[in-house]
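Enquirer: Model the placement of chains L, A and S with the ligands on the given structure of chain C, informed by the hints.
Chain residues, written in single-letter form:
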Amino acid sequence: MQLSREELLRAYRSMCTIRQFEERVHAEFATGDIPGFVHLYAGEEASAVGVCMNLTERDSIASTHRGHGHCIAKGCDVAGMMAEIYGRKSGLCAGKGGSMHIADLDRGMLGANGIVGGGAPLACGAALTAKTLKTGAVAVAFGGDGASNQGTTAEAMNLASVWRLPVVFVLEDNGYAESTASAWSIGGDPLVRAEGFGIPGVRVDGHDFFAVHAAAGEAIARARDGGGPGFLHLKLARYFGHFEGDGMTYRAPDEVAKLRAERDCLKLFRRRVGEAQLLDDAALDAIEAEVAAEIEDATRRAKAAPMPSPADLLTDVYVSY
Amino acid sequence: MQLSREELLRAYRSMCTIRQFEERVHAEFATGDIPGFVHLYAGEEASAVGVCMNLTERDSIASTHRGHGHCIAKGCDVAGMMAEIYGRKSGLCAGKGGSMHIADLDRGMLGANGIVGGGAPLACGAALTAKTLKTGAVAVAFGGDGASNQGTTAEAMNLASVWRLPVVFVLEDNGYAESTASAWSIGGDPLVRAEGFGIPGVRVDGHDFFAVHAAAGEAIARARDGGGPGFLHLKLARYFGHFEGDGMTYRAPDEVAKLRAERDCLKLFRRRVGEAQLLDDAALDAIEAEVAAEIEDATRRAKAAPMPSPADLLTDVYVSY
Amino acid sequence: MARKSFRQAVNEAIRQEMARDPRVIVMGEDIAGGMGAPGEDDAWGGPLGVTKGLMPQFGRERVLDTPITESGFIGAAAGAALTGLRPVADLMFVDFMGVCFDQIFNQAAKFKYMFGGKARTPLVIRTMYGAGFRAASQHSQCLYPLFTHVPGLKVVIPSSPYEAKGLMIEAIRDDDPVIFFEHKMLYDVEDEVPDEPYTLPFGEANLTREGDDATIVAFGRMVMLANEAADQLGAQGISCTVIDPRTTSPLDIETILEEVRATGRLVVVDEASPRCNMASDIAAQVAERAFEALKAPIRRVSPPHTPVPFSPALEDLYLPDVEKIISAVRAVMAAGGRKAA
Amino acid sequence: MARKSFRQAVNEAIRQEMARDPRVIVMGEDIAGGMGAPGEDDAWGGPLGVTKGLMPQFGRERVLDTPITESGFIGAAAGAALTGLRPVADLMFVDFMGVCFDQIFNQAAKFKYMFGGKARTPLVIRTMYGAGFRAASQHSQCLYPLFTHVPGLKVVIPSSPYEAKGLMIEAIRDDDPVIFFEHKMLYDVEDEVPDEPYTLPFGEANLTREGDDATIVAFGRMVMLANEAADQLGAQGISCTVIDPRTTSPLDIETILEEVRATGRLVVVDEASPRCNMASDIAAQVAERAFEALKAPIRRVSPPHTPVPFSPALEDLYLPDVEKIISAVRAVMAAGGRKAA
Ligand SMILES: Cc1ncc(C[n+]2csc(CCOP(=O)(O)OP(=O)(O)O)c2C)c(N)n1
Ligand SMILES: Cc1ncc(C[n+]2csc(CCOP(=O)(O)OP(=O)(O)O)c2C)c(N)n1
Ligand SMILES: [Mg+2]
Ligand SMILES: [Mg+2]
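Respectively, the protein sequence lines represent chains C, L, A and S. In terms of the working numbering, the first sequence opens at residue 963 and continues consecutively. In terms of the working numbering, the second sequence opens at residue 963 and continues consecutively. In terms of the working numbering, the third sequence opens at residue 62 and continues consecutively. In terms of the working numbering, the fourth sequence opens at residue 62 and continues consecutively.
This is chain C alone, in the form it adopts within the complex (with noise of 0.2 Å):
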């Protein structure tokens, strides 16, 4: 499928996004303002929008605890974001929630999550809604190759292969789950485990957006058209510690610079525009100055908001009780 000028922008956009807020935040953290665990995407932002560009507000995405990427890549506000995990009560969740639980119901974000493999039973509820109410929307569940060992992330593929459900699960295998490498934690082929489940898979270099844009395309293609669930395994990696703090003592030295040097998703999203001529550096440039001001002042703003008031402590525990 060929991306319009107009969507090369919008993905553009929206990984530089991704890549600036999480340097940001990373910066951030170490100055103690941020409390609590933060886990950054930075590195993996391919996967999010090459997926996320498949899909509208209707459908629905679940996230990890590493779900910065998947916000912004569906559409949250960014100083909504910053402002949580700042936990200002301009925050997205009102300051309750934090890095590790944003979500925005309106924009189909059902929620970054603590649990790892938490997510992937929750989009199959989402899939199932709109199989239900025939809204002809899909769901996505995003997990690592960590949450693929995870015995709820085997229920939901299966449950999700037996009642032909509109979703589609897509591994984010950046090669470690904390220190703990995936090569090791994973016995057999995650695309033979999704076989196995009666579920189509692919896997694909996660560094190249045109790639996962093209297979989640069409995965989700298939699944909204009444074809049941897909997988997609994506390679990729993470540039910075399983959360912040983390000396990444169990990587080699020089891993991380090797890839950002060569296998960074937004390095190969400008070189692959540019050789096909379809988007010039300025254009690219002004997306980047552009998005460095949003980042700027959201993080001003976030600073700057206030905290919760001592009432909200007690509310939004039910709707009613």
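Each statement offered as a hint is correct.
Heads up, simulated BS3-like pairs for lysine-lysine below, C-alpha to C-alpha not over 27 Å straight-line:
#1 A/Lys385 with L/Lys1051
#2 L/Lys1265 with S/Lys179
#3 L/Lys1096 with S/Lys113
#4 A/Lys179 with C/Lys1096
#5 S/Lys179 with L/Lys1096
#6 L/Lys1051 with S/Lys179
#7 C/Lys1051 with A/Lys179
#8 C/Lys1051 with S/Lys245
#9 C/Lys1051 with S/Lys385
#10 A/Lys113 with A/Lys245
Honestly, the hints are just simulated from the structure, not real lab data.
Expert: Okay, now just chains L, A and S with the ligands, sitting in the frame of chain C:
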């Protein structure tokens, strides 16, 4: 592997014991004397016996809610089992466990299990003990087609694969989980799933004792030799309802009659050893008669045995407290 | 109005709500039954027949059998609730919560709070609980205290067919996740149950007996036993109030406090394991808020701290019964004398 | 004897027991760390470094990294315990219990009873709990009431490095399944901890303060706060006994009753969600068994019935603190006047 005459007699005795035990429990249940939920194994004898003939007392098995056959094949005392099913103090579990929780750790029988999919992780644990203490033992996890979809099964298989545990997973696919057909509930193919976890598997006619025995023997020997886990997909059938009291409206009216006539594992065994002139009818008939006496005796004793005493209610919760 | 069993009452409630609202769906293992089997059309309707007849009426698109994957389908129910359906999911026995609790207590229960109020999770989880069936340690537990502990969940424990219908309809119409406990020994109990739909509010206790001497609070099947105990005690000149809170979360503590203030004596009957259970919860709240009114120690009638035994001889001993309730009431009647502050 | 952090105390206890007994093994996600990774030998030792150094000393055969499959490996630990090992399994955060509770509460906890006494399950599950880390709703819960509820489990909640070491060694030597709760905000707390191995018995409470006016019972990190409250109150002329029960199952209720009989006033401080928690459990037991001695209502200091909020501003409000404990003690001191029986 060629079985000796003595081994063949032992196999037949074991299968016969299971069959007659289950037919008797079925009859006694109908009188209303046996309390609780009872799931009978009749029809599946070739699986339990074909597998367990390859095991010694040092080896462990983890079983299911449909555990009587596994218990007998692993050498549990039949009178103790019957007394347990009647809730008597002389039962194998002192009347505290009942049909769904019969265990005999001295014989490596780690328990029937009321939780579908509960046994596979436990078998991994027994295999880990064997591996860590270098005992040379192996473990077997029995599970049904229903259990094969449970996340715990997937987790256990992956764990066994990456830890290279000496464990064999035996999927007893009797066509149904309660009233649900396995042809529907299993999306995809269990053999492919096993391969997806990096575990070699084989599909076997579960009515054929010799086929099961050979396939299990191979997987168990490989596991024992450090070759890692194995998987068997056995196609077989149960003769009674899911539990006693089940009207089986979901099965075809003549399904069980046909199976009994054409695919009965005891009949197939007799035919096979007769044709090959390994055992004669007289020897097999003698075994049947001996088993009948044993079951009669076990049942009579169970009915006459005293119930646990009130003090038993509070014991056996902890080793010390 | 007609006599209906607890089983029929639950069935009728779901049926009427499904007819009223197309977003109500039902799912679970063998909940219709027979999926993919030769006798697909004449199947179980749940292992104890509670949902029988729903599938023929509403079809397999709204009455969904599932594979044995509780995390998968309970999670799917949570996700469906978050996105516009009103699922009634069946956790066959509450004892199976251990394979799917995460989707209940970390996901469904917390969406609204974690997402800053913007979620709505109209999910009902039906589940069977309780001892007496000779179903042994892994199929006889109560476990509602574990769910009551969790902020974000509502917990409903009907004690009769009438309550079952009204509370189930309320549960389905409620916009929060509700865990609905059905005692397996109550299914055949019969009662007058109105034919038309009706609701019973959550957090409003029901007084099944009124008396002056002692207050008995009981849950689920224990309410029947408490009534029987009160009746026997009444014949002996001790008059008891019996309170059925109907829901443990929210809990109508105000009614309990009021009645305890009137009688000065409290016995709580709870079939759940004794540590951190509903009996402790209520005793603690009363010891804090109606302390001045108490004339005697608060007595709890619960099973011992052991798994549920299989043998009928032991299970009968294990369970609270009318005798044990009567002797607890007699004990609070006999007690007295305390230091003044 | 040297000053050691809580983290070091736990590490040393496990290390010494592994050295003493070859059947002791350790397993969990990243518990050694780096499995299959380039820097395999210089890895985490657990996400917060608690088990760092065990793998270099004992090798990967006894310090086993696992895939993210809690049911799988916790179940494997239970099976290994049943067959001759003494595993120490790491459930990284207790919040993850929802994906593996079955293997804990239906399997490990019940083997002995279901099997008629013939099993032994020397399993330790270490797990991190508690709020204060800004880790939000799914990584900040206490949940020990849920485990305390379950017959067959023992539940240990050390309040200091000294307790952590002695209780961990006891846990590893114990023949029943033990859930060992480590508060993530305690890891850096330091204390004098003997170098040699020692044990602290289960079911024996520790009195960290002695006083005449009121009794405070607190668990885990709350003991520190209770001590601080008692010290401040002491300076103001109110002298408190502080009891650290150390284990909630078994619970040393006798010591609590004895102290309450002496002071007549009880405050229970429990970081767990307020419904069916340890504060209710203890309040209920005391209201039943030391009722005559009580001079005031029993007060519980617990968080509100909400998930743990992320925002520091809210989390600080959510948690019990010294102020709240002091005002609860003041309230029980001020209370008085009750009807005589
Ligand atoms: C059920 C559960 N187990 C463990 C954890 C702790 N944990 C958080 S992230 C993580 C690693 C996840 O790895 P992966 O799925 O590959 O995602 P990645 O971090 O690489 O994006 C672990 C073990 C958790 N949050 N939930
Ligand atoms: C976790 C769990 N879910 C559901 C059940 C209820 N249940 C008991 S047996 C059974 C069917 C099991 O089917 P299968 O694994 O094929 O074994 P079979 O009964 O055919 O031997 C079900 C659903 C259970 N005991 N545990
Ligand atoms: Mg990863
Ligand atoms: Mg089956």
